[in-house]
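Model the full assembly from the supplied sequences, consistent with the hints where possible.
One letter stands for each residue in the lines below.
Number of protein chains: 2
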Amino acid sequence: MTHRNGPNPLMIQLFCWCLLGLCLPPWALAAPPAVALPQGIDLDLQRIHTAALQSPRGMARLTELCDTIGHRLAGSVALEQAVLWAVAGLHADGQTNVRAEPVQVRAWKRGNESLQMLQPRSMPLTMIGLGNSSGTGPQGITAQLLVVSDEADLQAHAAEAKGKIVLFDNAMAPWSREQGSGYGKAVRFRSGGRVLAGKLGAVAVLVRSVTAHSLNTPHTGATQDGPEVPAIAAAAVTVEHAQMLHRLAALGPVRLHLTMDAHFDADRNSANVLAEIQGYEHPEEIVVIGGHLDSWDVGQGAHDDGAGVVHAMEALRIIRQLGLKPRRTIRVVLWTNEENGLAGARAYALAHAHELANTVAAIESDAGGFSPVGLGIEVTETVRDGQGLAVAQLQRLLNLIAIPQFSEVNPGQAGADTSPLLKTGVPGLELLTDGAHYFDYHHTAADTVDKVDPQQLQRGIDALASVAYVLAQWPGRLSRP
Amino acid sequence: MTHRNGPNPLMIQLFCWCLLGLCLPPWALAAPPAVALPQGIDLDLQRIHTAALQSPRGMARLTELCDTIGHRLAGSVALEQAVLWAVAGLHADGQTNVRAEPVQVRAWKRGNESLQMLQPRSMPLTMIGLGNSSGTGPQGITAQLLVVSDEADLQAHAAEAKGKIVLFDNAMAPWSREQGSGYGKAVRFRSGGRVLAGKLGAVAVLVRSVTAHSLNTPHTGATQDGPEVPAIAAAAVTVEHAQMLHRLAALGPVRLHLTMDAHFDADRNSANVLAEIQGYEHPEEIVVIGGHLDSWDVGQGAHDDGAGVVHAMEALRIIRQLGLKPRRTIRVVLWTNEENGLAGARAYALAHAHELANTVAAIESDAGGFSPVGLGIEVTETVRDGQGLAVAQLQRLLNLIAIPQFSEVNPGQAGADTSPLLKTGVPGLELLTDGAHYFDYHHTAADTVDKVDPQQLQRGIDALASVAYVLAQWPGRLSRP
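Read top to bottom, the protein sequences are chains A and B.
By our numbering, the letter at position 459 of the first sequence is numbered 469, and the numbering carries on one by one without gaps.
By our numbering, the letter at position 18 of the second sequence is numbered 28, and the numbering carries on one by one without gaps.
It cannot be assumed that every hint is accurate.
No distinction is drawn between identical chains; accordingly, a pair holds when it is met within one copy or between any pair of copies.
Think about it this way: if two alpha-carbon atoms lie no more than 25 Å apart in a straight line, the pair counts; the simulated SDA-like pairs of lysine to any residue are [unchecked claim]:
id : residue 1 : residue 2
1  : K119      : K195
2  : K119      : T136
3  : K209      : Q423
4  : K195      : D460
5  : K335      : R116
6  : K119      : S132
7  : K119      : Q129
8  : K119      : P130
9  : K335      : L258
In short, the hints are calculated from the structure, not lab data.
The structure is reproduced here in structure tokens:
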């Protein structure tokens, strides 16, 4: 589909690639794909870098969203305000085709909730209900505690689970440069613990908050939901209290009282917010950039995902303000209901099904407002043919963009809101950031705008704008299966 | 009082000290004081080091206190349990003269409390009442907010303070190796802000939590109290919410509703807990080591000051268990009510007034269970004559003990519970620790036992036991004015 193009003689290139082949994945053994960019794009990129890095607008926008609207769970009035805020902002930026596309979302409500230790002594525990959890009824649940470390430990104590409150005390590994965060591995108990324990007759499930750093900080997040899931209450306790309960349960019986009003209200109308700069040559070909407007119902949703929303809005604003003319359309999509339903992502895929064959990439920023380090890419969820080539193409594009420290390409990682698009072959991308502290704040009252560094936020805007512009200008397209 | 003693010829020493004099404080210009220790003490110290560093008892003791009793504010049932726990533990260790000496303490109760933003939007704010604060009455207080950065800013807006809730949004500098923590400077608004704002007619006072690291973590602590202090409610908000309120107040009026049930119940009986190894040669001369049994009414009081309590109990246990015979008496004192009254410290000074002339040092461990780095020392609060010599003596003793990284001597720093002793000339000492994270947890729900590293805790026990033993064996005494 693409032809090779480079300054080096063929033999030298082949030799180098053969050498590299000893330590690279199979797709890297192929000759590097050509990604020749139009002449003059260097100057355009330079203007984007300068505009993005010198602007104070990203932080001002994020602060406005966080302070004047605050957190914005699907089904809340605040999310409706955030939709209006985004529409007004994109209009004010002079964008084209600004619109709110209706999405019906489920409206999960936390209500009052508390967890009390009754035995061996009376003490309130720090907890937060998991999104989409059932409630306990007004009387609450009083039961003995069973603490397990993981699935095998639960199976070993399967006979004891019936009638108990089961706590999964599974530690998340701290972030490291080599391993990244331990989130992907530890989060399975938050999402699936309800099913595991419920099937054994547990009356409620608790999970250790999914984080490696806690100041007695409870972390919420979605728990698995659906007709097949036992309708028991599920909540997170803090790392501190999970460990204490584990220690106390080793000494003798621990009894707890859990009360959660959690329930679903009637579905509400929400919306995805869209805006564009139309392509001058191929307006029908689309580069999607976006984040999600909703957040959990604690903190301010600053890193998750106010930062992604602002990355996308500001990237489009800067490209327009500089008067740059992309060949393809660059579209901002601010999805709704990412956190506990993906209704916005599904609605977008459905409403824009006719455009997906011509959607050259969908890039979500949902890894916080930290310094950008690269891109994740997933070409399909199931078929990996062609993924290798797209990865190599993307790596070359990043090399040409040449933003310092923004160079990783991570296959198999895409934003959650792009997942319904993958099925149709759209390459799903995600802006990767320095992940050292993301899960300190994730889904907590501490995800507030003061945790976002203005310069790092602007670097993310620069990265997203640059990638979007290059994908819109490049004559080629990321390879599909 | 002491004579010089050293392997180097006089002239070389004098020359070296003159050179050093260019960059050292005045007391260092004097010849180094002799602190010759009895023969064989090296072996004793080696046995202390080995026993302390290999024991798991410190962590087990601290965990028992924290998990089974928990936090223990003066006037609480939990503090009474802690007194009994300490007495039983010291008896079990085989200590001499184990006793609980009665102390009457004021019983401040937090009760229910909450802070709500009403304007520009409705949202609950994360707060914690300050110890010894007045309450608001059952109706609470609704008032407009005035945010100031410091005293000068308050004076500049003095005319606006009447009828307002005043927030001191003063940032604490983060810890650095050079500067230490910014706590000493920033805490003045927590202790004194109530007086500053109350005198101008403020109806309540809020302070930014005194910490440089927050996950929306509220920090309590004592606010100034007494007949001359305006009886208005005082609370801390989190760093995040202080900053948000500051930003919002710059945009327009902010109205808050504060409710605090805070009040004093009738005084309660509490106790200082004491135990000893009696000196074989000078039983009447005493080295005091201790920490405070009480804590704030959140978290577990693990670093503050469960660690200090365990440092002292374990230090004495190890010295006894090794069969070491100190010339002087080593006495553990576990003070009560350090946090919001110092009633235990005053009671100890009064009950033991006849012994203070022969109290050669009083060492408090109240800087957490982190790695020990040295000792603070203050010889009197007012008269500094002789302090220099005591500092130099202590530095020599530390050099002879030679525990790695345990070498700092910091003049002018002593444990709060030793302060009533200073007036009588007793040298007050404090175990200094690595302070990088102490104020992350201080006075919060996050001060829990999982924050204490077992090895670091044992190193603190080693340091305290070694210093106590050396001060008990050294024929000399730290110089007094």
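Legend entry - Violated hints - listed by number, lowest first: 1, 3, 5 and 9
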